[in-house]
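Let the sequences and hints guide you as you build the complete structure.
In the numbering used here, the protein residues as written are 1 to 255.
Note that these hints are calculated values from the structure, not bench results. Be careful, since some hints might not be right.
What the hints assert, rightly or not - Pair ranges (Cβ atoms, derived):
hint	residue 1	residue 2	range
1	Q133	I241	16 to 26 Å
2	A54	L173	33 to 43 Å
3	G243	E107	24 to 34 Å
4	V102	P57	46 to 56 Å
5	Q135	L173	12 to 22 Å
6	E42	N5	19 to 29 Å
7	A66	L173	23 to 33 Å
Stated by the list, open to error - Taking lysine-lysine and the BS3-like style, the derived pairs with C-alpha atoms no more than 27 Å apart in a straight line are:
hint	residue 1	residue 2
8	K229	K119
9	K69	K17
10	K17	K119
11	K229	K17
12	K58	K17
13	K127	K58
14	K127	K69
15	K119	K152
16	K119	K69
17	K17	K152
18	K17	K127
19	K58	K229
Here a beta-carbon is modelled for each residue, glycine too, at the ideal position from N, C-alpha and C.
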Amino acid sequence: MTQQNNNPVALITGGAKRIGAEICSTLHQRGFNIILHYRNAEEEAQQLSTSLNALRPKSCLVHQAALNKLEDIEGLAHYTTHAWGRVDLLVNNASSFYPTPVLQAQEADWDELMSSNLKGAFFLSQKLVPALQAQRGSIVNIIDVYAEHPLKNHPIYCIAKAGLRAMTQSLSLELGPDIRVNGVSPGAILWPESDIQNTPNALKQEQAQREIIQRTNLKRRGEPQDIAKTVAFLALDAPFISGQIIAVDGGRLTS
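The structure is reproduced here in C-alpha coordinates:
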(Lines of atoms letter the chains of each structure in order from A and count residues from 1; the text may use other names and numbers.)
(Lines give C-alpha, C1' and ligand atoms only; values in the text may rest on other atoms or scores of the structure.)
Protein backbone atom coordinates (compact mmCIF):
# COMPACT_ATOMS: atom_id res chain seq x y z
CA MET A 1 0.00 0.00 0.00
CA THR A 2 3.05 2.28 0.23
CA GLN A 3 2.58 5.49 -1.77
CA GLN A 4 5.15 7.97 -3.02
CA ASN A 5 5.65 10.67 -0.42
CA ASN A 6 8.20 13.24 0.68
CA ASN A 7 6.04 14.80 3.37
CA PRO A 8 6.35 13.90 7.04
CA VAL A 9 3.60 11.57 8.27
CA ALA A 10 1.56 11.98 11.45
CA LEU A 11 -0.86 9.54 13.06
CA ILE A 12 -3.49 11.25 15.20
CA THR A 13 -5.69 8.98 17.30
CA GLY A 14 -9.25 10.16 17.86
CA GLY A 15 -8.72 12.60 15.03
CA ALA A 16 -12.25 12.82 13.64
CA LYS A 17 -13.76 15.42 15.98
CA ARG A 18 -13.11 18.22 18.42
CA ILE A 19 -9.49 18.78 19.41
CA GLY A 20 -8.33 15.79 17.37
CA ALA A 21 -9.80 17.23 14.18
CA GLU A 22 -8.13 20.58 14.84
CA ILE A 23 -4.79 18.83 15.35
CA CYS A 24 -5.23 17.00 12.03
CA SER A 25 -6.02 20.23 10.19
CA THR A 26 -3.17 22.20 11.76
CA LEU A 27 -0.54 19.54 11.10
CA HIS A 28 -1.84 19.17 7.54
CA GLN A 29 -1.38 22.92 7.05
CA ARG A 30 2.19 22.54 8.31
CA GLY A 31 2.95 19.97 5.61
CA PHE A 32 2.18 16.63 7.25
CA ASN A 33 0.39 13.78 5.58
CA ILE A 34 -2.23 12.50 8.00
CA ILE A 35 -3.33 9.09 9.20
CA LEU A 36 -6.66 9.88 10.86
CA HIS A 37 -7.67 7.23 13.38
CA TYR A 38 -11.23 6.91 14.63
CA ARG A 39 -13.20 4.39 16.64
CA ASN A 40 -16.88 5.18 16.03
CA ALA A 41 -16.98 8.56 14.24
CA GLU A 42 -16.69 7.22 10.69
CA GLU A 43 -18.82 9.92 9.09
CA GLU A 44 -16.84 12.75 10.66
CA ALA A 45 -13.54 11.03 9.83
CA GLN A 46 -14.47 10.65 6.16
CA GLN A 47 -15.70 14.25 5.94
CA LEU A 48 -12.47 15.62 7.40
CA SER A 49 -10.37 13.37 5.19
CA THR A 50 -12.26 14.55 2.10
CA SER A 51 -11.70 18.21 3.00
CA LEU A 52 -7.98 17.70 3.61
CA ASN A 53 -7.53 15.72 0.40
CA ALA A 54 -9.28 18.53 -1.48
CA LEU A 55 -6.56 20.86 -0.27
CA ARG A 56 -3.73 18.42 -1.06
CA PRO A 57 -4.63 15.25 -2.96
CA LYS A 58 -3.83 11.88 -1.39
CA SER A 59 -2.57 13.50 1.82
CA CYS A 60 -4.99 11.99 4.37
CA LEU A 61 -6.02 8.42 5.06
CA VAL A 62 -8.46 7.09 7.66
CA HIS A 63 -8.32 3.92 9.71
CA GLN A 64 -10.72 2.49 12.28
CA ALA A 65 -9.43 0.78 15.42
CA ALA A 66 -10.56 0.04 18.97
CA LEU A 67 -7.66 0.96 21.23
CA ASN A 68 -8.76 -1.52 23.90
CA LYS A 69 -7.86 -4.42 21.57
CA LEU A 70 -4.21 -5.26 21.02
CA GLU A 71 -4.91 -6.72 17.58
CA ASP A 72 -6.52 -3.44 16.50
CA ILE A 73 -3.56 -1.49 17.87
CA GLU A 74 -1.16 -3.70 15.93
CA GLY A 75 -3.30 -3.30 12.80
CA LEU A 76 -3.29 0.49 13.15
CA ALA A 77 0.49 0.54 13.59
CA HIS A 78 0.97 -1.69 10.54
CA TYR A 79 -1.35 0.45 8.43
CA THR A 80 0.44 3.62 9.50
CA THR A 81 3.96 2.38 8.80
CA HIS A 82 3.01 1.03 5.36
CA ALA A 83 0.83 3.92 4.15
CA TRP A 84 3.71 6.14 3.04
CA GLY A 85 6.70 4.13 4.24
CA ARG A 86 7.51 6.46 7.15
CA VAL A 87 6.15 7.79 10.44
CA ASP A 88 7.38 11.08 11.88
CA LEU A 89 4.84 11.86 14.59
CA LEU A 90 2.37 10.03 16.80
CA VAL A 91 -0.26 12.13 18.59
CA ASN A 92 -2.02 10.08 21.27
CA ASN A 93 -5.21 12.12 21.47
CA ALA A 94 -7.99 9.51 21.71
CA SER A 95 -9.78 9.62 25.04
CA SER A 96 -12.99 8.63 26.79
CA PHE A 97 -14.33 10.95 29.50
CA TYR A 98 -17.27 10.40 31.83
CA PRO A 99 -17.88 10.40 35.61
CA THR A 100 -17.22 7.34 37.76
CA PRO A 101 -17.99 8.22 41.41
CA VAL A 102 -15.95 5.87 43.52
CA LEU A 103 -18.90 3.98 45.04
CA GLN A 104 -20.55 3.52 41.65
CA ALA A 105 -17.54 2.72 39.45
CA GLN A 106 -17.54 -0.66 37.73
CA GLU A 107 -14.75 -2.81 36.29
CA ALA A 108 -16.06 -2.01 32.79
CA ASP A 109 -15.54 1.71 33.50
CA TRP A 110 -11.96 1.01 34.60
CA ASP A 111 -11.27 -1.01 31.45
CA GLU A 112 -12.80 1.57 29.09
CA LEU A 113 -11.12 4.64 30.58
CA MET A 114 -7.75 2.98 31.06
CA SER A 115 -7.78 1.55 27.54
CA SER A 116 -8.74 4.73 25.72
CA ASN A 117 -6.54 7.06 27.76
CA LEU A 118 -3.50 4.91 28.59
CA LYS A 119 -3.31 1.34 27.29
CA GLY A 120 -3.84 2.28 23.66
CA ALA A 121 -1.31 5.12 23.85
CA PHE A 122 1.36 2.89 25.40
CA PHE A 123 1.08 -0.05 23.05
CA LEU A 124 0.66 2.10 19.95
CA SER A 125 3.81 3.98 20.93
CA GLN A 126 5.58 0.67 21.44
CA LYS A 127 4.57 -0.67 18.01
CA LEU A 128 5.69 2.52 16.23
CA VAL A 129 9.11 2.82 17.90
CA PRO A 130 11.12 1.39 14.97
CA ALA A 131 9.42 3.66 12.41
CA LEU A 132 9.77 6.74 14.62
CA GLN A 133 13.42 5.94 15.33
CA ALA A 134 14.13 5.77 11.61
CA GLN A 135 12.86 9.35 11.19
CA ARG A 136 14.10 10.65 14.55
CA GLY A 137 10.46 11.49 15.11
CA SER A 138 8.40 12.34 18.16
CA ILE A 139 5.37 11.44 20.25
CA VAL A 140 2.97 13.99 21.70
CA ASN A 141 0.45 12.82 24.30
CA ILE A 142 -2.70 14.82 25.02
CA ILE A 143 -3.04 14.70 28.79
CA ASP A 144 -5.27 16.92 30.99
CA VAL A 145 -4.83 19.37 33.85
CA TYR A 146 -6.90 16.88 35.87
CA ALA A 147 -3.89 14.57 35.87
CA GLU A 148 -2.43 16.92 38.49
CA HIS A 149 -5.56 18.43 40.03
CA PRO A 150 -8.24 15.71 39.98
CA LEU A 151 -11.84 16.39 39.05
CA LYS A 152 -14.41 15.28 41.61
CA ASN A 153 -16.44 12.21 40.63
CA HIS A 154 -13.97 11.29 37.86
CA PRO A 155 -11.32 9.22 39.73
CA ILE A 156 -10.69 6.60 37.02
CA TYR A 157 -10.31 9.21 34.29
CA CYS A 158 -7.93 11.24 36.44
CA ILE A 159 -5.90 8.13 37.32
CA ALA A 160 -5.63 7.23 33.64
CA LYS A 161 -4.46 10.71 32.65
CA ALA A 162 -1.96 10.75 35.51
CA GLY A 163 -0.64 7.49 34.10
CA LEU A 164 -0.34 9.09 30.66
CA ARG A 165 1.61 11.95 32.22
CA ALA A 166 4.01 9.48 33.85
CA MET A 167 4.23 7.54 30.58
CA THR A 168 5.28 10.70 28.75
CA GLN A 169 8.26 11.21 31.02
CA SER A 170 9.12 7.51 31.20
CA LEU A 171 9.12 7.07 27.42
CA SER A 172 11.18 10.21 26.98
CA LEU A 173 13.84 8.50 29.10
CA GLU A 174 13.42 5.11 27.38
CA LEU A 175 13.32 6.30 23.78
CA GLY A 176 15.89 9.10 23.73
CA PRO A 177 17.96 10.19 21.92
CA ASP A 178 16.19 9.04 18.76
CA ILE A 179 12.57 9.86 19.71
CA ARG A 180 11.35 12.90 21.61
CA VAL A 181 8.29 12.42 23.82
CA ASN A 182 6.25 15.32 25.18
CA GLY A 183 2.75 16.09 26.39
CA VAL A 184 0.14 18.82 26.08
CA SER A 185 -2.19 19.26 29.03
CA PRO A 186 -5.40 21.11 28.09
CA GLY A 187 -7.43 23.09 30.57
CA ALA A 188 -10.87 24.55 29.77
CA ILE A 189 -10.98 24.14 25.99
CA LEU A 190 -14.16 22.24 25.09
CA TRP A 191 -16.88 21.04 27.41
CA PRO A 192 -18.03 17.40 27.18
CA GLU A 193 -20.09 16.59 24.10
CA SER A 194 -23.39 16.19 25.96
CA ASP A 195 -25.73 19.14 25.50
CA ILE A 196 -26.02 20.59 28.98
CA GLN A 197 -29.16 22.45 28.00
CA ASN A 198 -30.98 19.14 27.75
CA THR A 199 -29.86 17.62 31.04
CA PRO A 200 -31.62 17.78 34.43
CA ASN A 201 -28.57 19.46 35.97
CA ALA A 202 -28.11 22.07 33.23
CA LEU A 203 -28.02 25.07 35.59
CA LYS A 204 -25.58 23.33 37.92
CA GLN A 205 -23.30 22.40 35.03
CA GLU A 206 -23.36 25.91 33.60
CA GLN A 207 -22.43 27.31 37.00
CA ALA A 208 -19.58 24.81 37.32
CA GLN A 209 -18.28 25.84 33.91
CA ARG A 210 -18.38 29.52 34.85
CA GLU A 211 -16.46 28.75 38.02
CA ILE A 212 -13.79 26.84 36.09
CA ILE A 213 -13.28 29.79 33.75
CA GLN A 214 -13.09 32.20 36.67
CA ARG A 215 -10.27 30.10 38.15
CA THR A 216 -8.11 30.70 35.08
CA ASN A 217 -5.79 33.68 34.97
CA LEU A 218 -7.10 34.68 31.54
CA LYS A 219 -10.79 34.44 32.56
CA ARG A 220 -11.83 32.78 29.33
CA ARG A 221 -12.06 29.40 27.68
CA GLY A 222 -9.37 28.31 25.27
CA GLU A 223 -9.85 27.09 21.71
CA PRO A 224 -8.97 23.75 20.09
CA GLN A 225 -6.44 25.61 17.95
CA ASP A 226 -4.51 26.50 21.12
CA ILE A 227 -3.87 22.78 21.62
CA ALA A 228 -3.19 22.07 17.95
CA LYS A 229 -0.62 24.87 17.68
CA THR A 230 1.18 23.56 20.76
CA VAL A 231 1.30 20.06 19.28
CA ALA A 232 2.75 21.49 16.05
CA PHE A 233 5.33 23.46 18.05
CA LEU A 234 6.50 20.36 19.90
CA ALA A 235 6.61 18.33 16.70
CA LEU A 236 8.32 20.83 14.44
CA ASP A 237 9.89 23.70 16.35
CA ALA A 238 11.26 22.19 19.57
CA PRO A 239 14.15 19.83 18.70
CA PHE A 240 15.70 20.14 22.19
CA ILE A 241 12.51 19.59 24.20
CA SER A 242 11.66 16.12 25.50
CA GLY A 243 9.97 14.78 28.61
CA GLN A 244 7.98 17.98 29.10
CA ILE A 245 4.25 18.56 29.59
CA ILE A 246 2.98 21.97 28.50
CA ALA A 247 -0.18 23.12 30.27
CA VAL A 248 -2.43 25.02 27.86
CA ASP A 249 -4.89 26.12 30.49
CA GLY A 250 -5.05 29.91 30.63
CA GLY A 251 -2.84 29.85 33.72
CA ARG A 252 -5.26 27.73 35.73
CA LEU A 253 -2.56 25.63 37.41
CA THR A 254 -1.03 28.75 38.92
CA SER A 255 -4.26 30.13 40.35
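Practice item. Measure nothing beyond the straight line between the CA atoms of K119 and K152; if it is 27 Å or shorter, mark the hint as holding. Key: This hinted pair holds, its Cα atoms lying about 23 Å apart.
Check your understanding: Is it true that the C-beta distance of E42 to N5 lies inside 19 to 29 Å, as the hint says?
Key -> holds (24 Å)
Check your understanding: Hey, K17 versus K127, does the alpha-carbon distance stay inside 27 Å?
Key -> holds (24 Å)
Check your understanding: Holds or violated: 33 to 43 Å for the Cβ distance of A54 and L173?
Key -> Cβ of A54 to Cβ of L173: about 42 Å, so the range 33 to 43 Å holds.
Practice item. Quickly compare the C-alpha distance for K69 and K17 to 27 Å and report which way the hint goes. Key: Within the cut-off at roughly 21 Å; holds.
Review point. How does the Cβ-Cβ distance of G243 and E107 compare with 24 to 34 Å: does it lie in that range?
Key: holds (33 Å)
**Study point:** Given hint K58 paired with K127 - CA-CA distance at most 27 Å
**Key:** holds (25 Å)
Review point. Is K119 within 27 Å of K69, Cα to Cα?
Key: holds (9 Å)
Practice item. Quickly compare the C-alpha distance for K17 and K152 to 27 Å and report which way the hint goes. Key: Satisfied, since the Cα-Cα distance of roughly 26 Å is no more than 27 Å.
Check your understanding: Is K127 close enough to K69, meaning Cα to Cα at most 27 Å?
Key -> holds (13 Å)
Review point. Is it true that the CA of K229 sits at most 27 Å from the CA of K17?
Key: Within the cut-off at roughly 16 Å; holds.
Check your understanding: Hey, K229 versus K119, does the alpha-carbon distance stay inside 27 Å?
Key -> holds (26 Å)
Of the numbered hints given earlier, the model fails none.
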